[in-house]
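**Q** Here are the chains, one letter per residue:
Number of protein chains: 2
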Amino acid sequence: MADLSGRTVAIIVADFIEDAELVTPRDELSAAGAEVRVYGVEAGSVQTVEGDTDPKQQVEVDGTLDDLDVAGIDALVVPGGTVNADKLRVERRAQEIVREVAESGKPLAVICHGPWLLVSAGLAKGRRLTSYPSLATDIHNAGGDWVDEEVVVDGNLITSRNPGDLPAFVKALQDALT
Amino acid sequence: MADLSGRTVAIIVADFIEDAELVTPRDELSAAGAEVRVYGVEAGSVQTVEGDTDPKQQVEVDGTLDDLDVAGIDALVVPGGTVNADKLRVERRAQEIVREVAESGKPLAVICHGPWLLVSAGLAKGRRLTSYPSLATDIHNAGGDWVDEEVVVDGNLITSRNPGDLPAFVKALQDALT
Chain A
1 MADLSGRTVA
11 IIVADFIEDA
21 ELVTPRDELS
31 AAGAEVRVYG
41 VEAGSVQTVE
51 GDTDPKQQVE
61 VDGTLDDLDV
71 AGIDALVVPG
81 GTVNADKLRV
91 ERRAQEIVRE
101 VAESGKPLAV
111 ICHGPWLLVS
121 AGLAKGRRLT
131 SYPSLATDIH
141 NAGGDWVDEE
151 VVVDGNLITS
161 RNPGDLPAFV
171 KALQDALT
Chain B
1 MADLSGRTVA
11 IIVADFIEDA
21 ELVTPRDELS
31 AAGAEVRVYG
41 VEAGSVQTVE
51 GDTDPKQQVE
61 VDGTLDDLDV
71 AGIDALVVPG
81 GTVNADKLRV
91 ERRAQEIVRE
101 VAESGKPLAV
111 ICHGPWLLVS
121 AGLAKGRRLT
131 SYPSLATDIH
141 NAGGDWVDEE
151 VVVDGNLITS
161 RNPGDLPAFV
171 KALQDALT
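As they're listed, the protein sequences go chains A and B. The numbers in this note's numbering rise by one with no breaks, and the one at position 61 of the first sequence is 61. The numbers in this note's numbering rise by one with no breaks, and the one at position 110 of the second sequence is 110.
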């Protein structure tokens, strides 16, 4: 695994986030040497779930979305979970963050239901991307080119469909960071 | 309250359906004399939730989506709940049902996250409607005219935003049935 020492990665989350889509990128990027910070809609902790509905654990966040300075990170991860993604997409600060990351050229890695935030932020248009299949119509209607692949890399945008795609998703993000 | 004797209303549901959006229309229309039947993606029962995530109760369904004959009903209700609506929208049979109801001119009452099914079925285009606010972008991108009102009636399409709108939502459906 490539050495990610000196790299900082942010993960943005709300309640009912899909556990593996938070924990796996966090732990694997940390193990590779990156500093990984989790930012929540609110301070404190978020409830993770498995399969969208089964409560798994509380995960403490390192700060709120307002604490996240895009200039200070090297990549952003947006995990899924239906309820998490539905909550994140309406947060103006979350929309600002993904717009800033998209414009910066830094890797923007979005998985499962996470791409709803790209739709709400107006970032899907003209991009080739994937997601959980229920979002395909929304992404198509937003002007995106939705494809059914385990990981899609379009410029600095990295997307995957579900927790089963996490190995390919994390590898693509690692490659983009090195 | 108007007498709904002789009227048959179907409600279509998946797991993690918002409790009040199933129970309130079911009980109020039944109390007015209507025969109300609940059809699930699967046979058996569905888990209801409050506020999208707190488990509330199991509700037995009267049949599956395949058992629902649109010719035999006078109106259809599509409740919300983020996870329920995300599951329903990808069911081909659910998409067929709402298309048949839309074409029939029978009342089609859709609340909260339920309008995702209209988006996936290609029914939002050119319609004036409301929903939970997180769907506003999706409905706009689908060609719908999204407005922020407690109940919107556009032809046979009746839509509302959230459980707080249920009194206006159920009244509009009752009016359409009489």
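Just to be clear, a hint being listed does not mean it is correct.
Which copy is meant is left open, because identical chains are indistinguishable; a pair holds if it fits in one copy or across any two.
[As the list claims (entries may be wrong)] Quick list of in silico lysine to any residue cross-link-like pairs, SDA-like style, CA-CA up to 20 Å:
id, residue 1, residue 2
1, K125, G143
2, K56, G33
3, K56, D15
4, K106, D74
Hints listed in this document are in silico derivations from the structure and should not be mistaken for laboratory results.
**Q** The structure should be examined with respect to each hint, and the outcome stated for every one.
**A** Each hint tested on the structure:
no.: 1; hint: K125 with G143; verdict: both (4 Å within a copy, 15 Å between copies)
no.: 2; hint: K56 with G33; verdict: neither (26 Å within a copy, 43 Å between copies)
no.: 3; hint: K56 with D15; verdict: both (12 Å within a copy, 18 Å between copies)
no.: 4; hint: K106 with D74; verdict: within (6 Å within a copy, 54 Å between copies)
Against the hints set out earlier in the document, a violation occurs for number 2 only.
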